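Asker: Listed below are the residues making up each chain.
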Amino acid sequence: YQRRVRDSLPHNSQHRAFCGILKMSLAGDSGRPEHKGPADVVYNETEAAKYATSSRMVAIQRHLAERALELLNLPKGFRGYIADLGCGSGLSGEVLSEAGHRWLGFDLSTAMLDVARSENAEGDLAVLDLGQGLPVRNAIFDGAISVSALQWLCQADNSSHIPRRRLMRLFQTTYNCLRRGARAVFQFYPESGEHIELITTCALRCGFTGGLLVDYPNSAKAKKTYLVLNAGHSGAAMPKALGAATRADVDGDSEEPSRGASSSSSIFTPSSNAVAAAAAAAQGRPVRRQRRGKKKNLKNLDWVLKKKEQRRMRGEKTARDSKYTARRRTHW
Amino acid sequence: EYGTHTHKNTKMRLSAHNVLTCAKKSCIGSNFPLRLNAREVTSEASEFDGEFVARFLEKVDWPALVAGAASLNVTIPDTLPDDYADNEELLANVQKVLFDVHVIEGDLFCPGCDRKYNIRNGIPNMLLNETET
Chain A
10 YQRRVRDSLP HNSQHRAFCG ILKMSLAGDS GRPEHKGPAD VVYNETEAAK
60 YATSSRMVAI QRHLAERALE LLNLPKGFRG YIADLGCGSG LSGEVLSEAG
110 HRWLGFDLST AMLDVARSEN AEGDLAVLDL GQGLPVRNAI FDGAISVSAL
160 QWLCQADNSS HIPRRRLMRL FQTTYNCLRR GARAVFQFYP ESGEHIELIT
210 TCALRCGFTG GLLVDYPNSA KAKKTYLVLN AGHSGAAMPK ALGAATRADV
260 DGDSEEPSRG ASSSSSIFTP SSNAVAAAAA AAQGRPVRRQ RRGKKKNLKN
310 LDWVLKKKEQ RRMRGEKTAR DSKYTARRRT HW
Chain B
252 EYGTHTHKNT KMRLSAHNVL TCAKKSCIGS NFPLRLNARE VTSEASEFDG
302 EFVARFLEKV DWPALVAGAA SLNVTIPDTL PDDYADNEEL LANVQKVLFD
352 VHVIEGDLFC PGCDRKYNIR NGIPNMLLNE TET
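Chains A and B, in that order, give the protein sequences. So the mapping is simple: my numbering equals the position in the first sequence, first residue as 1, plus 9. So the mapping is simple: my numbering equals the position in the second sequence, first residue as 1, plus 251.
Just so you know, the hints here were simulated from the structure itself, not pulled from any lab data. All figures in this text were calculated on a predicted structure; none of them were measured in a lab. C-beta atoms are modelled at their ideal positions from N, C-alpha and C, and glycine is treated no differently.
Chain A side only, calculated, beta carbon under 10 Å to chain B, not exhaustive:
no.: 1; residue: GLY89
no.: 2; residue: TYR90
no.: 3; residue: THR119
no.: 4; residue: LEU122
no.: 5; residue: ARG126
no.: 6; residue: ASN129
no.: 7; residue: ALA130
no.: 8; residue: GLU131
no.: 9; residue: LEU137
no.: 10; residue: GLN141
no.: 11; residue: ILE149
no.: 12; residue: PHE150
no.: 13; residue: ARG175
no.: 14; residue: ARG178
no.: 15; residue: ARG188
Derived DEER-like restraints, expressed as beta-carbon distance ranges:
no.: 16; chain 1: B; residue 1: ASP337; chain 2: A; residue 2: ARG41; range: 52 to 60 Å
no.: 17; chain 1: A; residue 1: GLU75; chain 2: B; residue 2: PHE360; range: 32 to 40 Å
no.: 18; chain 1: A; residue 1: GLU56; chain 2: B; residue 2: PRO362; range: 36 to 44 Å
no.: 19; chain 1: B; residue 1: ASN338; chain 2: A; residue 2: SER63; range: 44 to 52 Å
no.: 20; chain 1: B; residue 1: ARG366; chain 2: A; residue 2: HIS44; range: 30 to 38 Å
no.: 21; chain 1: A; residue 1: ILE69; chain 2: B; residue 2: ASN338; range: 38 to 46 Å
Modelling step: build the complete structure from the supplied sequences, incorporating the hints.
Answerer: Now the structure itself:
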């Protein structure tokens, strides 16, 4: 009965809006807008207008967009065709236009895009759910930026949303529509180490190289996370993060553990250990040293015999040594 | 030629039409170019940037541009000459067609599945519904 009812519910925009508003009113304020609902429901006309007029919001988003554009590492004076993923009200697009680029922006919220229109955004805009993937031909963009959007994909807004699948779809299509050697930079707000691992694993699986960069890793307030992805090896090194003591990048093959607080740039390698290390480093946690090879059997026969002899010397009652001493037990 | 419209800010350029495909995964192989049906069009001049246009032409799908322009009653040559990078007049005309013509209201249709994507207020809606993803 339950399944039939669910299937018969209309999946139209009114229904989604109703569910979104219900969810928003029931949810507590975790400070994370993506917990309230999907981006088009959270950023309705009222919220979109607030977003565009709050000078603090504008300043923050501009700063993030400037940094993301800087991390694209385009040649000085180069004017290119850039994708703006989650372009919202056009704040990041304005940064692109000021730098001389033309751009194509995508966002889920028509309310936000309408604000972009009324603010004379120079780029082309399109309504899109990033989790569907980018509907763009191959090898078009000279770069892609995304400001404060990626964390939205880690939420499952309805029963058909599987975050991993949506992330894979976005990363794969982004990889395809970037020119060889071009870069995609996603500034986002990671909720947890698990989210970071999920995101970086998906990006790796789609063929990207690159890494996670954290500016000001030691400041809870100033800390900003950027996923820097190369579509095909561009030859450029991983950029330096801001506000951290310079320690060489974490290399997944190295035996040396990195001190979490000072390392804020981590490079991808296909090894899952390295992904976990990158996630830990990005969060400021100390990275556990990865053990190579099999664990030594510490409690072997020699050790046991030595210990028993020590007990006898102390005068403690000790079982006699036999052929069964320190033999591997099959059951207890 | 083009009606002047109060929506000064509307932008869906032919440059976007030249790169957008059908959003459905199942249409791969027959998802481009989208058939353009424009009901309201405007134009807005932009500063000539020959270098940018020449570089954009490296990735442009010329037949799709011809078809898109034709939907807006604009004629351009059937083929792009090889020496386009040196031809400033051609570059200036191509820039106008690619970047200065804006579709305000219209539709895009997938050549493979015929799905309609509407263009409202200069913004194409590429959002799929839950059954299509």
